[in-house]
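J.: Chains as they are written, first to last, in the working numbering: chain H, 7 to 285; chain U, 8 to 290; chain C, 10 to 364.
No false leads were slipped in.
Think about it this way: if two alpha-carbon atoms lie no more than 27 Å apart in a straight line, the pair counts; the simulated DSSO-like pairs of lysine-lysine are:
#1 C:LYS257 <-> H:LYS133
#2 U:LYS26 <-> C:LYS249
#3 H:LYS98 <-> H:LYS133
Since the hints were derived computationally from the structure, they do not count as laboratory data.
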Amino acid sequence: MTETTPTTPETVLDVQGLTVDIATPDGVVHAVRGIDLAVGRGEILGVVGESGCGKSTTIKGILGLLPPNATVGADKIELAGHGDLLRTPTKKMRHVRGRRIGFVAQNPFGSLNPIYSIERQFHELQKAHGTKVSKKESREIAHAMLDGVGIVNPDRVLDGFAHQLSGGMAQRVVIALATTLSPQLLIADEPTTGLDVTVQAQIMDLISGLVRSEQRSMLLVTHDLGVIAQYAQRVVVMLDGKVVEHGRVEDVMVDPQHEYTRKLISSVPKREELHDVIG
Amino acid sequence: MADLQLAPSRAAVLWRTAKEHPGATLGGVFIVVLVLWSLLGPLPYSSAATDGSASRQSPNGTHWFGTDGTGGDVFSRTIDAARVDLSLALAGAAVALVIGVPLGLAASTKGRGSQRIVRALDAFQAFPLLILALALVTLSGNKLYMVVVAISLQNIPRYMRLLRSEVLSLRESRFMEAATAMGATTPRLIFKHLLPNVWGVILVQTSLTIANSIVVLSSLSFLGVGVSAPTPSWGSMIRDGAGNMSSGEWWIAAFPGVAVLLCVLAFNQIADAIGDRTARSYR
Amino acid sequence: MTLSTTTSSQELSRPRRGTGALRLVASRLVFLVAALFGVVTLSFLLVSVTPGDPAEVIAGPVASQSQIDAIRADLGLDDPLWDRYTDYIGGLLQGDLGTSYYTNLSITSEIGNRLPASLSLIILSVVFAAVVGIGVGSAGAYFRGRWPDKLGRLGTSVFQSVPDFFLGLILIYVVFFVMGLAPAPSGQIGISEMRPEKITGFITIDALLRGEMATFWSAVSHLVLPVVTLGLVYAAYFSKTSRSTVGKALNSQQAQFARAMGLPERTVLRYAFVEARGTIVTYAGVIFAALIGGEAIVEQIFAWDGLGSWAVQGILRLDIPVVQGMVLVSGAITLITYTALDIIVGLLDPRITHG
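Throw the hints in and build the complete structure from the sequences for me.
T.: Here it is as structure tokens:
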């Protein structure tokens with residue numbers, strides 16, 4: 007980290023008072039109830055909580071990807087260099103996604119199109135964002151991106167299809183797609199869930215490397231405190247659609263303030279770096 | 008869902024389902040009224056009555072649905088036809104259910120034999136079913152019970168396929184594994200664990216089968232096979248009025264046709280409602 | 010920074026375009042031949058071992074027993090089953106399916122004459138049903154729960170419930186009698202019109218080839234009502250399937266990722282459609298196969314001289330060679346369709362061709 011003032015880095019994403027209400031046949035569900043979070047430049051902000059706590063809904067709310075029966079409210083969702091996402095019209099919001107915010111989901115095989123070749127998916131992405139590129143240029147860009155995520159034989163991958171890839175390689179392809187248009191912010195939703203344990207660390211190393219080397223920022227959503235401890239600088243702990251604790255990772259890990267955080271930490275299997283915390 | 012924590016009474020469930028599916032509710036009421044009226048009457052005219060002096064009258068105050076070529080009252084005949092049409096359709100569906108479900112259970116093993124059975128069923132479906140039903144009834148010398156056989160033959164493979172796919176997926180589930188591991192006997196497995204869980208889809212299929220049977224039945228009697236005069240049936244009434252359609256006397260075929268349409272629609276809607284209800288209780 | 014975590018090339022299987030596809034086609038064709046033989050046998054057995062004596066029916070109610078016996082002998086009904094079977098297979102191999110008990114016309118030539126009439130009706134109906142049904146279903150999936158969906162579902166359940174012959178009669182009344190927009194239901198062309206001299210057997214195509222434009226337009230206008238009748242009924246099936254499959258694809262993680270990458274909605278819809286196309290193509294094939302024979306009553310209503318109405322008349326008169334011919338033709342077309350479907354759907358999916 008080159009940033010010398012870790013307390014106040016330039017804020018890339020500033021979310022304040024985010025709420026999401028979902029209308030269901032059985033009444034309104036308050037899925038997210040007023041969340042504040044901020045991601046600094048070059049920073050990885052971890053968001054932890056068990057499934058159903060509103061993590062994924064929060065991300066979808068920020069990206070404007072919730073279904074019509076959901077209502078998003080917020081004081082602001084400010085993206086540096088762009089403005090308030092909540093007040094961005096739908097058409098412009100599309101260009102925020104992909105170009106300014108990259109997204110990596112869990113299970114890469116669910117993310118990639120099974121019918122189109124990998125090359126075509128890179129081409130569709132560039133076409134969608136008005137980059138006037140020929141097929142040849144698009145392939146060159148894709149080739150370079152795959153090279154950048156550590157794929158040995160990009161040509162073969164580009165001509166192939168998702169089902170021919172291993173899980174780790176498929177997630178690398180997804181990461182390459184997500185960073186093709188050089189977004190300043192990456193949102194990763196459980197990026198290693200469903201991958202082999204041996205591959206998980208490689209993928210996390212890759213993502214955090216990409217964030218650090220280009221001074222990007224990342225919102226890392228996971229249920230795995232171990233991953234947060236290793237890769238994130240700050241952490242937000244969510245419970246029932248609310249933030250119960252937030253702070254620097256070292257502080258939260260060593261001296262959790264909230265009972266729920268303590269429980270989460272004590273449930274993490276022993277790891278070297280957490281040894282003194284768990285005792 | 009908060010209200011699922013307390014198991015609601017059967018009546019409450021029924022009431023709620025009815026409210027959520029107005030189409031199915033209306034359909035159910037329509038069927039019940041039609042059946043009761045056709046069984047108990049009273050009808051304004053006898054369905055067998057003819058009146059040469061009053062043939063092909065358009066709908067009016069005395070003949071609500073008009074009269075047909077022989078002066079028969081279309082309204083009375085349409086209501087009366089429900090008796091034979093609905094009971095034959097129900098009989099066909101019932102036979103298909105009674106035979107198809109056990110056969111489906113029997114074919115629900117993972118072995119090669121049961122896979123072959125399914126392939127054979129597919130091949131059977133490759134034949135034009137209407138032609139097959141027509142051939143069966145005609146070759147038997149136009150016996151009514153053959154209509155029931157033809158209807159059930161068409162639908163038995165559907166029950167078998169459905170049962171097989173449901174049971175095969177249930178067998179994978181944890182509770183079946185647990186029950187088997189705890190040494191439950193095969194009949195106990197079937198009656199205590201399997202059937203209660205496939206009951207919903209069987210009901211859906213039965214409702215769809217009745218709908219399908221009504222169509223097959225009216226197709227057959229439209230072609231002059233199965234129910235024969237003087238017993239009124241919707242298909243033969245439509246056949247009687249078919250020629251009149253291109254000369255403008257629409258009511259002779261239209262009212263029995265609408266009766267078929269409404270009955271089929273009703274059973275389809277009921278199937279949808281049951282399916283919805285079943286899917287929700289799995290959540 | 011350096012990326013120490015590269016993957017080995019063995020992780021990626023080499024894409025082998027072609028071999029997967031070839032294996033698929035070969036295995037399906039072998040199955041097809043076996044199944045066709047099954048259909049032939051079944052079509053023979055179906056009418057040879059079912060009760061009912063065609064000789065009695067042909068002879069009529071007043072015939073004496075000796076007359077009936079003579080007819081039986083004439084038809085070869087007294088021969089052992091095995092002899093009749095080998096005769097049947099032998100004839101079949103030479104393209105001979107026997108002659109009708111009533112008209113004495115060769116079954117093979119009857120089928121040849123009537124198949125084009127049925128095929129033009131069925132193919133156009135499937136196309137019409139697919140276009141309307143997929144459009145309504147996809148719109149319903151995209152606007153789930155809103156008015157286009159509600160309207161589409163209402164239409165779908167009504168057309169799914171209406172018997173095709175009744176819908177045909179209503180259309181005849183409304184479009185022909187009341188509005189006068191369609192010609193009378195007199196078959197493929199008007200009663201007083203001449204068929205063009207046969208080239209392909211398809212009246213529309215032959216009329217075009219012979220340059221008889223009046224006949225061509227007449228044939229087209231006679232096609233409209235029967236095609237709309239069958240098309241609307243089967244559009245309901247397409248609409249139901251495409252609503253659920255496209256809907257599923259639109260809610261998939263893949264669609265969500267595409268949206269999160271900022272792909273426009275029409276691309277997301279195209280992605281969803283591409284994913285659902287296997288199912289929809291399968292549906293089109295199954296409906297096509299079901300319509301061979303399933304279109305019989307609609308053919309009757311419109312006086313269409315196709316296979317279906319021929320088969321119905323054949324059955325009602327216990328004309329066994331006709332019934333056998335129909336079962337054979339429809340069984341064969343169905344099997345060929347299913348085989349073609351397996352192959353096409355396989356070729357559309359890179360997971361099979363690039364296995």
